[in-house]
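All chains should be built: construct the whole structure from the sequences, respecting the hints.
There are 2 protein chains.
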Amino acid sequence: MCLLWCSCCALLCWASLRGRRPKQSRASCPATQPSMLNVHLVPHTHDDVGWLKTVDQYYYGDRNDIQHAGVQYILDSVLEQLLADPTRRFIYVETAFFFRWWRQQDSATRKAVTMLVNEGRLEFVNGGWCMSDEATTHYSAVIDQMTLGLRFLNDTFGACGRPRVAWHIDPFGHAREHASMFAQMGYDGFFFGRLDYQDKARRIRDKDMEMVWRASESLTPPTADLFTGVLPNGYNPPAGFCWDQSCNDPPIRDDPNLEDYNVDNVVKRFIEIANDQAKMYRTNHIIMTMGSDFQYENANLWYKNMDKLIRYVNAKQSQGSKVNVLYSTPSCYLQGLHQANLTWSVKMDDFFPYADGPHDFWTGYFTSRPALKRYERLSNSLLQVCNQLEVLGGPNSRKGPYGEGDSDTLQEAMSVAQHHDAVSGTEKQHVANDYAKRLARGWAHCETLVSNALATLSSWEAPREYCLSLNISVCPATENSYKFFLTVYNPLSRMVSWPVRLPVNGSDYMVLQPHGQVLDSQVSLIMAASSIMVSHCYAIKRSVRIFVSSLLKGTQEVGFQPGLIQPFFFVPQFIRVTFDPDTGLMNSLTNLETKQKIQLIPWVSQVVRLYWGSRELELEWTVGPIPVEDSLGKEVITRLDTNINSSGYFYTDSNGREMLERRKDFRPTWDLKQSEPVAGNYYPINSRIYIKDKVNQLTAVTDRSQGASSLQDGSLEIMLHRRLLYDDVRGVGEPLSEPGDDNKGLVVRGRLLLALTPPKDAADIHRPLAEALVLEPLLAFQTGELHPNTILEVSGRRKEQFSGLQASLPPAVHLLTLSQWDQESVLLRLEHQFQVTESPTNSQPVTVNLKVRNGGQHNFCTCIKNSCCNLMHCTANGWDTGACVCVSGEQCPPRRLGDTSPWEITLKPMEIQTFLLRVRQR
Amino acid sequence: MCLLWCSCCALLCWASLRGRRPKQSRASCPATQPSMLNVHLVPHTHDDVGWLKTVDQYYYGDRNDIQHAGVQYILDSVLEQLLADPTRRFIYVETAFFFRWWRQQDSATRKAVTMLVNEGRLEFVNGGWCMSDEATTHYSAVIDQMTLGLRFLNDTFGACGRPRVAWHIDPFGHAREHASMFAQMGYDGFFFGRLDYQDKARRIRDKDMEMVWRASESLTPPTADLFTGVLPNGYNPPAGFCWDQSCNDPPIRDDPNLEDYNVDNVVKRFIEIANDQAKMYRTNHIIMTMGSDFQYENANLWYKNMDKLIRYVNAKQSQGSKVNVLYSTPSCYLQGLHQANLTWSVKMDDFFPYADGPHDFWTGYFTSRPALKRYERLSNSLLQVCNQLEVLGGPNSRKGPYGEGDSDTLQEAMSVAQHHDAVSGTEKQHVANDYAKRLARGWAHCETLVSNALATLSSWEAPREYCLSLNISVCPATENSYKFFLTVYNPLSRMVSWPVRLPVNGSDYMVLQPHGQVLDSQVSLIMAASSIMVSHCYAIKRSVRIFVSSLLKGTQEVGFQPGLIQPFFFVPQFIRVTFDPDTGLMNSLTNLETKQKIQLIPWVSQVVRLYWGSRELELEWTVGPIPVEDSLGKEVITRLDTNINSSGYFYTDSNGREMLERRKDFRPTWDLKQSEPVAGNYYPINSRIYIKDKVNQLTAVTDRSQGASSLQDGSLEIMLHRRLLYDDVRGVGEPLSEPGDDNKGLVVRGRLLLALTPPKDAADIHRPLAEALVLEPLLAFQTGELHPNTILEVSGRRKEQFSGLQASLPPAVHLLTLSQWDQESVLLRLEHQFQVTESPTNSQPVTVNLKVRNGGQHNFCTCIKNSCCNLMHCTANGWDTGACVCVSGEQCPPRRLGDTSPWEITLKPMEIQTFLLRVRQR
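Chains as they are written, first to last, in full-length UniProt numbering: chain Z, 1 to 922; chain A, 1 to 922.
Each hint should be verified, as a subset may be incorrect.
No copy labels: a pair is met if it fits in one copy or bridges any two.
[As the list claims (entries may be wrong)] With a straight-line Cα cutoff of 30 Å, these simulated DSSO-like cross-link-like pairs (lysine-lysine) come out:
1) Lys437 / Lys308
2) Lys279 / Lys694
3) Lys437 / Lys268
4) Lys308 / Lys111
5) Lys437 / Lys304
In short, the hints are calculated from the structure, not lab data. What you are looking at is a predicted structure, and each value in this text was computed from that prediction instead of being measured.
Pasting the structure below:
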C-alpha cells in the first residue's frame with residue numbers, strides 16, 4: 001500500500017499551474033526545443049460509451065451498418081503500433097472499454113501494455129468509466145463512476161496508470177462542479193473541446209484559451225483550482241490532417257516514383273497551420289488532437305502518416321524552420337505550459353449554455369428523455385442503498401438465501417449511464433433502451449443482494465418483492481394481497497419523513513409499526529424512517545381509506561379526496577390551490593402574495609400534494625404522449641410566475657451541488673450577442689433552481705435533471721418533456737420522438753417540490769429536501785407465510801428494526817458513500833452539503849467523531865459484527881491510499897492530518913472527505 | 001542459378017491433376033483430417049490495379065471519399081497479423097502493389113516477409129503485375145505483364161516465392177488462351193469466381209465445379225492442360241462471415257459477460273454452410289475465400305474472428321462434429337484435391353460470354369472505351385520496338401545524346417493497363433485517363449530510348465520527333481517543314497509493306513529512299529520496311545501529290561482523290577466500292593459474289609482504302625460524338641452481310657491467338673436458355689473474327705479488342721463504340737459516357753482489315769496481317785540541320801539502313817519478344833503463330849537455327865557488337881532458368897533438349913519458346 005514511484009511517470013502534486021509547482025517533472029515526456037514552436041501531436045480516440053450503437057456493439061464492432069466502430073480492434077491496433085516504435089504515444093480515456101479489453105488479453109499482452117504504461121507511451125487520461133455528461137449528471141454518480149474507472153487503473157497499473165489530466169473533449173458545455181471534482185481528485189489540468197462560439201472567438205482574440213478555473217466559491221483556493229485548456233480544433237485534427245480509416249484526407253505520398261508526390265505541400269500546409277494556431281496561445285507549445293470518434297481502429301494509417309509528418313516537418317529545421325513536431329500527451333503538453341511560468345486568467349463561472357452557432361444552442365438535451373433521466377436518478381438511489389446494505393449485511397448479502405447478488409452490475413450500469421450520450425438523452429432510441437436495460441439488470445442483482453442483506457439483518461428469509469412501478473401505482477404485492485409486510489430502508493444519515501403511497505385492493509387497511517404498534521395516521525402509509533434503519537411495517541386490510549390507491553387508474557384521478565384532506569393539506573400561509581370540482585384536477589395554484597396560473601391541455605396533468613409537517617408543495621406532473629399530429633414538435637414547460645423582484649437573476653445548481661448565479665441575456669466573461677431569447681437562456685438543473693429578492697425565495701427542487709430558466713422577472717420555468725420531428729443534424733440521425741410502450745409517444749411523470757421561504761432560510765430547507773429526493777427509502781414487500789393471527793407473534797421472533805448509525809449525523813453532513821471496497825475495507829465519503837454563505841446555522845465547519853467507542857456518536861463500525869475498523873483518509877480517486885495512514889493499529893503510522901484528535905473529522909462547507917475503513921474479521 | 005529447394009515449398013511439377021503427380025508435397029501445408037470435411041479458409045484481398053481510383057490512389061489510400069482502399073496499409077496489417085500467429089496464412093496476388101510496398105520496407109521488414117514466404121505463411125498466387133482482363137487483352141501483353149510480376153517475385157524470394165496457382169477471381173469471363181498460357185507457365189491450377197449463372201447452376205447440380213481445362217487444340221496434351229476450379233462464393237466469404245472493416249456482419253461475441261453472446265449461433269450456421277457447400281464438390285476438401293475487394297486493411301478484424309471461428313468450430317469435434325476448419329491457401333487446397341486421386345472432367349471451350357442473370361450479360365465491355373483499347377494496343381507495339389532497340393542500341397540507348405530513356409516505364413504502364421478494369425474499359429473515367437497518362441509517360445521514356453538507339457545505330461544525333469497523332473493526320477514535323485527525314489523501324493522479323501500517310505503542307509513532294517534513290521511511288525509515302533531494319537527516308541517539297549494530306553481536315557473528306565487513285569486502288573477481284581459523288585463518302589461496299597450495305601448517319605463515317613499489292617480492304621471508321629440528346633444510350637456496330645452459308649457458326653480469336661468456334665444461341669457445355677438474343681451472342685475479339693462456308697471465308701482483322709458476333713447466317717458484326725446514360729449497377733457508379741476533349745462526347749477512329757479468301761488459304765493471309773497490325777513500324781522524324789543542297793552529301797555520311805536480322809524468319813515464326821533482361825542477358829521469345837490445322841503450308845513444325853555463324857540465318861546476336869551469346873531455354877515466367885543449360889561456352893553444361901543440334905530450335909504449331917541470350921562484353 002505504499003506509494004509506488006516509477007522513473008517514468010513520477011506523480012505530480014500540483015492541482016493547477018497557478019502558485020504551485022510539480023514536485024518532479026515527468027521524466028517520460030519527449031524532449032522539446034526551447035527556441036522553437038513545439039507542436040504536441042496527441043494521438044487519441046474518442047470512444048463513446050454508447051451513442052449510435054450500444055456500448056457492447058461499440059466494443060465488439062457489431063452493427064457496423066449503423067456506424068463503423070469497434071473498440072476491441074482499436075486497442076489491439078494501437079498496442080501493435082506503439083510496440084513498433086518507442087517514440088509513438090497514445091492516450092486512452094474510457095475505462096469502461098479498456099476494462100473489457102484487458103479482461104480478454106493474455107499475460108504476454110498485459111505485460112506489454114504494462115510496459116507501455118510504465119514508459120509513458122500509453123497514457124491514461126480522465127480514466128473514469130466513461131466521459132461523463134456535465135449538464136445532466138448528479139455529482140454523486142459522477143464520483144462513483146470516476147472511482148470505478150480510476151480504481152481499476154490503480155489496481156492494474158499502480159501509480160503509472162494514474163491519469164494526471166481530465167479530458168472532456170466532447171461534452172456539450174462544462175459544469176463548474178465537474179472542474180471542482182477534478183481538482184479535488186488531484187488532476188493537474190483539464191482540457192475540453194466544446195464551448196460557446198462567441199466565447200471561443202473572444203478567447204482566441206485575447207489569447208485566453210488557457211486559464212485557471214476556480215471551481216468553488218466555498219472551498220479554499222487552490223482546493224478547487226484547475227488549469228483548464230480549450231483545445232484548438234474541438235478534438236479533431238487540423239483540417240486536412242486526418243489520416244484515420246474513417247477520414248478521406250490525402251495520405252502523405254512520399255514516393256517520388258508514384259503520382260502525386262505531396263510531401264512539400266503537406267509540410268507547407270502544416271507549418272502554416274501550426275504558426276496560425278500559435279497565435280491563439282501564449283507559449284511556444286501548442287497541442288493538436290490527432291484523432292476523433294472511434295478512430296485508430298487501424299492505427300497504422302495514423303502513425304504511418306504522422307511518422308512521415310514529423311520526419312519531413314522537422315527536416316525543415318536544418319533550413320531554418322522553427323517548428324518542432326513531436327508525439328506527446330496532454331500531461332507532457334501541460335508540463336511544457338508549466339515550464340513557461342506564466343500567470344493565467346481565472347475563470348469563476350461555468351461553460352453553459354453551449355452554442356455552436358447563433359441558432360444552435362445545445363440546451364434542449366437538458367430535458368431530453370426525461371424518463372431515462374429519472375430512471376438514472378432512481379438507480380443512483382438504489383445503488384447507494386445496495387452499497388450500504390452490502391456493507392451492513394456482510395458477505396451474506398452477496399451470497400445468501402435469495403441467491404447471488406451484487407452491487408457491481410448496477411454500479412457498472414450507472415457508470416455507463418453517466419456517459420455524455422446516455423443520461424444526456426442524446427443517443428439513439430435503441431441505445432437509450434439499452435441503458436435502461438442495463439440499469440434494470442443492475443436492479444435485479446441489487447435486489448437479490450438487498451434481500452440477502454435484509455434477511456441477515458432481520459433473521460427472516462421469507463420472499464421479498466420490490467415494486468418498481470409505484471410511480472404509476474402498480475405493485476402486485478400490495479394490490480393482490482390483503483395483508484403484507486413492508487420494510488423501509490432509509491439510506492440517509494438522519495431521520496426523514498417520507499410519504500409511502502401504495503396501491504391496494506380496497507379501502508380499509510390497518511398499518512402496524514415495528515413491534516406491533518398501530519401507526520397513528522389512518523389515511524396514508526406515511527411512515528417515518530430513521531437514519532440507516534430497517535423498518536418492518538405490517539399492513540392488513542381494515543377500515544382505513546388509502547387515499548393513494550386511486551392513482552392506479554391514471555391521470556384522470558387526483559391523488560386524494562379533497563373532503564378529507566383539505567383541512568390539514570392547505571397551509572394558506574403562502575400557497576392556495578384550487579381544483580376543478582368536476583375533474584378534481586388542479587386549475588390554479590396561488591401564491592398568496594403573488595399570482596400564478598398554469599394552463600393545462602388534455603395530455604398534461606398535474607397533481608398537487610401538501611404533506612402535514614412539510615413546508616414544501618409537491619407538484620406531480622404527467623406529460624404525454626405529446627401530440628404531433630399537427631406536424632410540430634413540442635417542448636413542454638411548467639412555469640411559475642411570481643412577483644419576486646428577481647431582476648433578471650436566477651440560480652441553478654451545478655451537478656446537484658453548488659449553486660451558480662445566472663442572469664438573463666448575459667454571460668459573465670464576454671459581451672453576449674443574444675440570438676436565441678429562449679434557448680439561449682436555458683441552463684441545466686440537476687436538483688434545483690431558485691429566484692429570489694430580499695424578502696422571498698422560491699425554490700423548485702426536481703427529481704431528475706432538467707432544463708430551466710427565468711425568462712421574465714419573477715418567473716421560473718422548467719422544461720418537463722419534449723418531442724421533436726426533425727433530427728438536429730449533430731450525428732444521431734433520429735428525431736427525438738420517444739415511442740413509449742405503445743408507440744404512441746412516451747408518457748412521463750415526475751415531481752417538483754416547491755419551497756417559498758425567506759432567502760436566509762432557504763438552504764436549510766432545500767438542501768435536506770434535495771438530499772432526501774436523491775436518496776429515497778427502499779421499500780421491500782413480503783407477502784408469503786403471513787397469517788393475520790400470527791402478526792404479533794411474528795414480530796416478537798424477528799429483528800424488526802435496525803440502524804447502521806447510533807444517531808443522526810448533523811444536518812450539514814451528508815453520507816455520500818458507504819460501500820464495500822474489498823474484502824477487508826469499506827469506502828466512506830462524508831460531505832458537507834452546504835455552501836459557505838447560504839445558511840447562518842449550517843454553513844459552518846462541522847466535526848464528526850468517527851471513533852469506535854461504546855456509546856459514541858456517528859461511528860460507522862458498530863454495524864459490522866466481529867470486526868475492527870481502521871480509518872484512512874483518501875482522495876476520491878483512490879490513488880492516495882498509499883499516502884494515507886491509519887488512525888489505529890500497530891501496523892500503521894499515525895494519521896498525518898493536523899487534527900489533534902485523529903478521530904475527529906472536520907468538514908468545511910462543500911468539502912468531501914473520503915475514508916477507507918479497514919475491516920478485519922476477528 | 002541452380003534450382004533452389006526449400007523445405008517449405010518444394011516445387012510441384014504437375015501442370016494438372018490428371019495424369020501427373022507432384023514430385024513432392026508441400027511440406028508447409030497445414031494438416032488436414034482424412035475422415036472429416038476439411039474447410040480451407042483462404043484469407044485474401046482482391047486489390048484492383050485501378051478501378052474506381054487510380055492505382056496510386058489505391059496504393060496510398062488516397063481519395064477514400066470515392067472508395068475506402070489503401071493497399072500500403074493492407075500489406076502492413078497482414079504482415080503484423082501473420083507474424084502474430086504461425087497458423088495464420090495469407091495469399092497475395094497483385095505484384096504491381098507488392099512491388100511498390102516492398103520497395104519502401106526496411107531490411108528487418110523484408111527479412112520478416114521473406115521468412116513468412118519461406119514458411120508458406122504468405123503465399124503468392126497468380127503473381128503477375130496485375131490480374132489481367134481475359135476478354136480484351138492481347139496475349140503478348142499478358143505474357144509481358146506476367147513476366148514483370150513473376151520475375152520480381154523470383155528475384156526477390158527465389159523458389160519459395162513462386163506462385164503455383166493462377167487466381168483470376170474477378171475477371172468477367174475466362175479466355176481459353178489465358179488457361180493455355182497459365183499451363184505453359186507451369187501453374188498447377190487455376191481458380192476463378194465468375195462464370196455464367198446457368199453454367200454454374202449446372203455445375204453445382206452435377207458436382208462439376210472442378211475440372212481440367214484443355215486449353216489448346218494445337219499443343220500436345222498435357223502441355224496446355226490446367227486444373228481449374230470454380231470458387232463457391234465468387235471470391236467472397238459465405239454470407240454472414242465477412243469480418244472485414246468494410247463489412248457489417250456481426251463479429252463473434254464470445255464474452256458471456258457482454259450482451260449478445262453469439263458463439264453457438266455462429267458455429268451452427270458455419271457448419272450448415274460448410275455441409276451445404278460440400279454437396280457441390282467431390283472431395284472432403286472445400287475452399288472458402290475469406291476476403292474481398294481491398295479487404296484486410298485492418299487484418300486484425302478478420303484474423304481475430306477467424307481464430308475464434310476455427311477454435312469454436314473445431315471444438316465441436318469432441319462432440320462428434322466432422323467439420324475441420326483450417327487456415328489454408330489455394331495451393332494447399334489443391335494438394336488436398338490431388339490426394340483424392342480423382343479423374344476430372346475435361347473442358348475444351350472457354351467461359352465467354354459471362355452473364356450473372358438472364359438480362360445481365362457482361363459483353364458490352366468488350367468494346368467499352370475503344371480509344372483506350374487502341375492506345376493500349378499501340379503502346380504494346382511501341383513497347384516491343386522500344387525493347388528491341390534497347391537491345392540493338394546497347395547501353396547507349398538508356399543514356400545517350402537525347403538524355404535518359406528506359407523501357408521500364410512503358411512496361412509498367414502496359415502491365416498496369418492489362419488489369420481487368422483497365423483495358424477492359426470498366427473503370428471510372430478519371431481512372432481511364434490515368435491509365436492513358438501512364439502510357440503517355442511510358443511513351444516519352446521510350447521515345448528518348450529509341451532516339452538514343454537510333455542515334456547509335458545511325459551515328460546521327462540530330463533531334464528526332466515522333467508524331468503520335470497521325471491517326472488524325474496531325475504531325476507538326478511534316479506539316480511545318482518543307483523537308484524532313486523519316487526513319488521507319490519495323491519490329492517484325494520479316495519484310496512488310498506498310499503504308500505511311502503523312503500530313504504535309506502542300507501537294508508536291510519528292511520522296512527519296514536510303515542512299516538517295518527516289519521512291520518510285522509518287523502519290524503516297526508508302527515505304528517498304530525490311531525485317532528489324534532502320535530506314536531513313538528524306539522528303540522534300542516537289543510536284544508530288546500526297547493523297548493522305550486531306551485527312552487532316554476530318555471526317556468530311558475521304559483519304560484520297562478518286563480521280564487519281566481509282567485505276568489502281570480498285571482490285572475488283574472480290575470487292576467493289578462506290579462513293580457518293582457529292583461528298584466523296586463511301587455509300588456502298590460490294591463483295592462481287594455477295595452484297596453488303598452499310599447505312600451511315602452524320603456522326604459515323606468510314607474511309608475505304610485498297611493498297612496496291614494487298615489482298616485486304618481497309619475500312620477506316622470514325623464514330624462520335626455519339627448523340628444522346630434523345631436520352632438513349634447507343635452502341636454502334638459495323639455489320640457485313642454476306643451470302644456465306646455460315647449456319648450459325650462464327651469464329652473468334654482468344655486473346656489474339658488461337659481461334660474458337662462460336663455458335664449462335666448455343667453453349668458447348670450446357671443447354672442454353674437464351675434470354676438475350678444480341679448481348680447473349682457477343683464474344684470478345686482481340687485480333688479477328690471470321691465466318692466461312694466450304695468456299696469462302698470472310699475474315700475481319702481488328703486494330704484493337706472489340707465485341708463481335710454473327711447474329712444471322714452470313715452476317716458478321718463488330719461493335720465499334722458505345723455511349724450509355726445509366727450506370728450498370730456493378731459498382732463503377734458512372735454511366736459509360738466518355739466526354740472526349742471537348743466534353744461533347746468522344747470521337748473514335750479505327751481500322752478493320754477485311755480479307756475474303758478460300759478457307760484453306762485464310763490463315764496464310766490473316767495470321768501475318770494480324771501480326772503486322774499488332775506490331776507497327778515506328779516512325780521518327782528529323783527536321784533540323786537539313787538543307788536542300790546537302791541531301792546527297794548527308795546521306796553519304798551516315799548509316800542509313802540497318803537490320804537486326806540477317807534475313808527474314810519463316811512466315812510461321814513470330815518474334816514475340818526481344819528485350820534486355822539484365823546487363824548481360826537478352827530475353828528472346830519465338831512463337832509459332834499458326835494453329836495445327838489452319839494452313840497446309842504453315843501449320844507445320846518449323847526449325848530456326850540460332851547459331852552464331854558468319855553468314856548464317858536467323859541468328860539474333862550479330863546485332864550486338866563486341867559480345868558473345870549463350871542460349872538458354874526458359875519457361876515464360878522465368879523460374880526455370882536454373883534448370884536451363886547453355887548451348888555453348890565452357891561454363892555451361894550442354895543443353896538438355898532432345899535435339900541433335902543444340903542450335904536448332906523447332907517450333908510446333910502454337911508453341912512459344914523462351915530463351916535467355918547471355919551477352920558478354922568482350
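Broken hints, numbered, in rising order? 2
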